[in-house]
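Undergrad: Given the structure of chain A, go ahead and fit chain B onto it with the hints provided.
Number of protein chains: 2
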Amino acid sequence: MVDSAPHPSKGGVCVNLTKMDQISELNPEDFTVAVEAGVTRKALNKYLRGNGLWFPVDPGADASLCGMVATAASGTNAVRYGTMRQNVLNLQVVLPDGRILHTAGQSRRPRKSAAGYHLTGLFVGSEGTLGFITQATLRLHGIPEATVAAICAFPNIRAAVDSTVQVLQAGLPIARIEFLDEVMMGACNRYSGLSYAELPTLFLEFHGSQQSVEEQVGATEAILQSNGGSDFAWAREPEARGQLWAARHNAWYAALALRPGKKGYSTDVCVPLSRLPEVLLETKKDLLDSNLTGPLVGHVGDGNFHCLLVLDPEDVEEKERAAEFAKRLGRRALAVGGTCTGEHGIGLGKRQLLREEVGEVALSTMRQIKMALDPKNLMNPGKVL
Amino acid sequence: MVDSAPHPSKGGVCVNLTKMDQISELNPEDFTVAVEAGVTRKALNKYLRGNGLWFPVDPGADASLCGMVATAASGTNAVRYGTMRQNVLNLQVVLPDGRILHTAGQSRRPRKSAAGYHLTGLFVGSEGTLGFITQATLRLHGIPEATVAAICAFPNIRAAVDSTVQVLQAGLPIARIEFLDEVMMGACNRYSGLSYAELPTLFLEFHGSQQSVEEQVGATEAILQSNGGSDFAWAREPEARGQLWAARHNAWYAALALRPGKKGYSTDVCVPLSRLPEVLLETKKDLLDSNLTGPLVGHVGDGNFHCLLVLDPEDVEEKERAAEFAKRLGRRALAVGGTCTGEHGIGLGKRQLLREEVGEVALSTMRQIKMALDPKNLMNPGKVL
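One line per chain: the protein sequences are A and B, in this order. Per UniProt numbering, the first sequence starts with residue 1, numbered consecutively. Per UniProt numbering, the second sequence starts with residue 1, numbered consecutively.
Pulled out of the complex, with its shape left as it was, chain A reads as follows (with noise of 0.2 Å):
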């Protein structure tokens, strides 16, 4: 379980950089912009409208984006256009010591470069512990002609997994497959009031020429049938469409009411796709066992997938419990060759999986890093390392 709040561990200044909210150097040519600390993800996409232009990357929330960068963010969308790993071209922070570094250089965009040591990849998901990002160059992407989403529901969990990997390996150039359990179903029918199938079901989304996307939708829906899949829908317009995908939207929501006035932690394994059935049966039957609430939702494309626990803060045997499955539910990952964490970071509370993660010989090198860059531990201090 992550505990990524920004708060300072031993005491100590937090700096908030939400007023730098300037959106500047939009080259809609070079699909290219730069964003204060404080721009978030709808801001900025609000600043594109009428340029035919967006940026993809969408963890849920309306984070920052160089919060974004600072954690690594992912989200629905990664499957195509990737993580915020891929979309950063350039990145400003100020250094431990005060100065201002152009991680590859002042202003800055080519599409790659190989010059230099990979500063912008350094810090993107260094979590504030090698500076403040105040500044992030980012790519833009077009906005598709058109776009369907589409609804779908399976007998089991491997058969919607199945599915994922023949879309995958079929080429086809998916923007959103999304797996919800049927925990996590009958939570959005009772929270948004819906009656969609109580099963394992994937949410999907296509981009592309009216063409393509009709082409993607039928070559999908074939693969989702010979696989069992039911109860196939799809929308088109924007209304539908976000009828469709209200109850993937409201996921989070949906499993607190599952348990009115309590608590929400979230997992963030992430596991190679053939191992993926297993690790989510294993966890299932985990959570039973535990005894504990926790609806299952998956960028299952990524292979990430995350336990919705939802839990009573004042009950401190129950969040211990909850810790000790959050440990085994990373360890499982761990024992596939996955990750404790796709796309929310180490933060305090996954250090010792980050050790098990990596081994003392990576966590040496990282530690070399952090001392080069911060000598006097000054950013983020206890975070991570």
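Calculated from the structure, these hints are not laboratory results. Built from N, CA and C at the ideal position, the CB exists for glycine as well. Some clues are possibly wrong.
[Unchecked claim] Derived CB-CB ranges, DEER-like: (1) A:Ser107 x B:Gln368: 19 to 27 Å; (2) B:Ala61 x A:Ile143: 35 to 43 Å; (3) A:Trp252 x B:Arg331: 30 to 38 Å; (4) B:Gln210 x A:Leu378: 39 to 47 Å; (5) A:Pro155 x B:Pro155: 57 to 65 Å; (6) B:Pro381 x A:Gly382: 29 to 37 Å; (7) A:Ser9 x B:Pro381: 36 to 44 Å; (8) B:Arg321 x A:Ile143: 44 to 52 Å; (9) A:Asp231 x B:Ala61: 30 to 38 Å.
TA: Below, chain B alone, put in the same frame as chain A:
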């Protein structure tokens, strides 16, 4: 100009890893494979035959994949499939002190991760200065159902580049879009006995389903023609595609044949697409003014182009003129927000340009990392920094 040959600049030891040629851990469902240091691109793609998978990063030469990791290589397919940066999941590295590092942890291969510093990204493009890369876990892609190659000539450079921008803005998932200037086309005609129009020319390739590829070809042809494109030709069958692309594939040798017995040196700038026409035109004028032979060939979808200088290695004055030209070209790219190296790396020859490109703060940050990981400066000393 890059001198990227792996020879020690001040004496020292050269380690030959070509016999480490094992391919392992192929997981077709997960689109991953591991290759040792000596495995080349073609050897891997031969190994993958029959699995419906391929590794698309193609720098032209049959380079070793771990060498491609070290230089952050890319090439003709990068506009669709990304560079090495987007296609490496994990690295095994022998560190300067002899310890073995797994940048993402041993045997880990999730499609994405937010676990600690992105060491994998740091070692991609490190040019041998941080350790020996002995194994790489790579991301594979499905072989497209259909491939179509095409070629189109333009009245001028701007028309060719404008076409490229419009193809990308239309969201067409083009796999390759390569530019050859009229000098290069003339050289190719002579070298390969062809009769293409000696005009600025785009070579294109489309990947996808039969239907999607046909749609892409149609939409692209319309864009090219609206920009004055002529002599549009396309080919579907492997042999015909090979013939169509022969000019592009033999460009290096065709350039060398312009001055038999002389040596080739390639420049490698990469600039934002919108600035590419002016940089190409100024570079062509500079070539003329400098009395140098240097046909142009570019990965135009990425804004990256090479000037294939053909020089007399015995002519000290000409070499000096070429070095000055290359430096001006690097600075021309820097002046418009680009990089002095899109895919070849810094090596020895571009260290001054790197300093100008990234600035003192970034350079000192890179040096701090180098000092932290290789305090005795054992690894490829004198290169990059």
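Undergrad: With reference to the structure, classify each hint as holding or not holding.
TA: Right, here's what the structure says about each hint:
1. A:Ser107 x B:Gln368: 19 to 27 Å: holds (23 Å)
2. B:Ala61 x A:Ile143: 35 to 43 Å: Given a distance of about 38 Å, which is inside 35 to 43 Å, the answer is holds.
3. A:Trp252 x B:Arg331: 30 to 38 Å: Violated: the Cβ-Cβ distance is about 51 Å, outside 30 to 38 Å.
4. B:Gln210 x A:Leu378: 39 to 47 Å: The hint (39 to 47 Å, Cβ to Cβ) is violated, given that glutamine 210 of chain B and leucine 378 of chain A are roughly 58 Å apart.
5. A:Pro155 x B:Pro155: 57 to 65 Å: For proline 155 of chain B against proline 155 of chain A, whose Cβ atoms are near 60 Å apart, the range 57 to 65 Å holds.
6. B:Pro381 x A:Gly382: 29 to 37 Å: holds (36 Å)
7. A:Ser9 x B:Pro381: 36 to 44 Å: The hint (36 to 44 Å, Cβ to Cβ) holds, given that serine 9 of chain A and proline 381 of chain B are roughly 40 Å apart.
8. B:Arg321 x A:Ile143: 44 to 52 Å: Cβ of arginine 321 of chain B to Cβ of isoleucine 143 of chain A: about 47 Å, so the range 44 to 52 Å holds.
9. A:Asp231 x B:Ala61: 30 to 38 Å: violated (52 Å)
Hints 3, 4, 9, counting from the list given before, are not met by this structure.
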